[in-house]
Amino acid sequence: MEAHLQGNSQVKEKKMITRRNLLKGAALGTGVGLLTSQPFSFGGIMAAQAAGRALKMNIPGNTLGVHVPYMAAMNEILPSMGYAKADWERVKKLQTITQSILSGSVEVAAGDAISTLRAVEAGADLRIIGNGFMHTSLVFVVNGDKIQKPEDLYKDDVTLAVNSKGDFTHVMVVGPMTRRGIDMNKVNVIKMGGSGTRMRALAAGKVDGVPLHFDQASALAKQGNFKVLIEPAKEYESFLGEVYICSGEWLAKDDNRTAAKDLIKATIQAFRRANSDAGWYAEMYRKYGTSKDMATATDAEIEVVRQALGVEIGCWPNNMDHKLSVYEELLPVYKAADAIKGTVDVSKVVETSLVDQALKELG
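Mapped onto this note's numbering, the consecutive letters of the sequence shown carry residue numbers 71 to 433.
Hints are computed from structural coordinates only; laboratory data are not their basis. In this text, all values refer to a predicted model and were calculated from it rather than measured experimentally. We put the beta carbon where it would ideally sit given N, CA and C, even for glycine. Keep in mind that the hints are not guaranteed to be accurate.
Here are the simulated lysine-lysine pairs, DSS-like style, with alpha carbons at most 30 Å apart [to be verified]:
#1 K216 with K155
#2 K235 with K261
#3 K405 with K304
What follows is a list of derived Cβ distance ranges for each label pair [unchecked claim]:
#4 G275 with Y224: 36 to 44 Å
#5 K304 with T360: 25 to 33 Å
#6 L432 with G318: 19 to 27 Å
#7 K430 with K292: 41 to 49 Å
#8 Q293 with R160: 37 to 45 Å
#9 E221 with R160: 35 to 43 Å
#10 D325 with D195: 12 to 20 Å
#11 D325 with G294: 34 to 42 Å
#12 K126 with Y224: 41 to 49 Å
#13 A348 with K292: 34 to 42 Å
Working from the sequences, and respecting the hints, build out all of it.
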């Protein structure tokens with residue numbers, strides 16, 4: 071969820087800087103807040119069990135810093151466990167990712183918790199089995215020439231773009247703005263998939279506010295008067311980004327359940343290594359990043375990203391932090407934003423036993 075300056079390879083200073091300093095120049099000063107690592111071990115099931123299986127998956131349209139660990143899990147760690155690399159495809163819209171599970175075109179997806187819960191309320195048989203990453207690296211960036219304070223969102227010539235209405239990129243705006251007295255039903259909001267697409271649209275003046283990963287926000291701030299309006303990491307104690315989803319029918323089969331558990335196991339290992347091994351993270355960052363600057367980023371630049379995501383925000387918990395209580399806390403937030411009706415029984419959707427088993431095996 072849609073997620074995510076992951077990948078800020080445009081930072082040219084050689085000295086170490088913090089995420090807070092990166093965002094300081096992009097923050098709107100309006101008084102409303104415009105707004106011990108475990109060693110890495112591949113481990114895994116015997117190759118005979120995995121039998122070279124390639125999990126068919128959908129993932130969001132861009133890979134930035136926050137996505138690097140699960141990309142490494144799919145492409146590097148699963149093969150060490152006897153699987154083939156995951157057979158994955160990028161999809162821009164989070165709701166389309168959810169629909170791909172419903173149609174059976176893919177087995178597992180890194181998608182959006184809200185879209186999944188909403189589909190379950192409509193009768194879909196879906197399960198959330200783990201986290202692609204925890205929290206979010208997204209911030210909401212606006213054109214500072216047109217938006218100086220929350221009330222400016224009401225202007226007729228102001229348009230915001232989110233991945234899909236009702237998903238976490240939308241809720242991250244609705245919740246904080248509602249608390250500030252803004253009726254988001256009176257704000258122009260359109261759908262636009264892909265953070266890269268939204269970034270280009272904001273830079274070109276086609277829209278006036280978009281959710282971007284914080285590395286993208288920092289890069290954009292160098293191009294003009296673009297400011298951070300909302301930082302969800304400061305607004306919510308816990309905030310779900312991208313989660314692993316599958317269908318209940320698919321998960322009911324033993325071989326699929328084992329494969330799902332091993333994907334989670336691989337992801338936990340990737341989280342732990344990203345937290346403990348700066349060199350490994352830098353290698354994976356350059357290899358899998360989709361931003362053109364990521365492949366040539368220096369170790370120092372990448373370390374800023376790793377520290378921000380892993381330490382300051384906590385996107386890659388060593389235990390994955392996939393707990394029912396997180397959903398129970400966020401359910402009222404989702405309902406207040408009209409993202410869901412609030413009728414879903416999350417205990418029947420959020421499957422935690424696979425993470426528990428993976429942690430037991432990893433020790």
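Okay, the hints, checked on the actual structure:
For the hint pairing K216 with K155, the CA-to-CA distance comes to about 46 Å; that exceeds 30 Å, so the pair is violated. As the CA atoms of K235 and K261 are separated by approximately 6 Å, the hinted pair is consistent with the 30 Å bound. Straight-line distance between C-alpha atoms of K405 and K304 comes to about 20 Å, which keeps the hinted pair within the 30 Å bound. For G275 and Y224, the Cβ-Cβ distance of about 19 Å falls outside the hinted range of 36 to 44 Å, so the restraint is violated.
Hint check: K304 to T360, Cβ distance near 26 Å, so the stated range 25 to 33 Å holds. A hinted range of 19 to 27 Å for the beta carbons of L432 and G318 is consistent with their spacing of about 25 Å. Between K430 and K292 the beta carbon distance is about 47 Å. The supplied range of 41 to 49 Å therefore holds. The hint said 37 to 45 Å for the Cβ distance between Q293 and R160, and at roughly 25 Å that hint is violated.
Checking the proposed 35 to 43 Å range against E221 and R160 shows it holds: the Cβ atoms sit about 37 Å from each other. Distance hint for D325 and D195: a CB-CB separation of about 19 Å, consistent with the stated range 12 to 20 Å. For the hinted restraint 34 to 42 Å between D325 and G294, the CB-CB distance of approximately 52 Å leaves it violated. Against the hinted window of 41 to 49 Å, the Cβ-Cβ separation of K126 and Y224 comes to about 44 Å, which satisfies the hint.
Evaluation of the 34 to 42 Å hint for A348 and K292 yields a failure: the beta carbon distance comes to about 25 Å.
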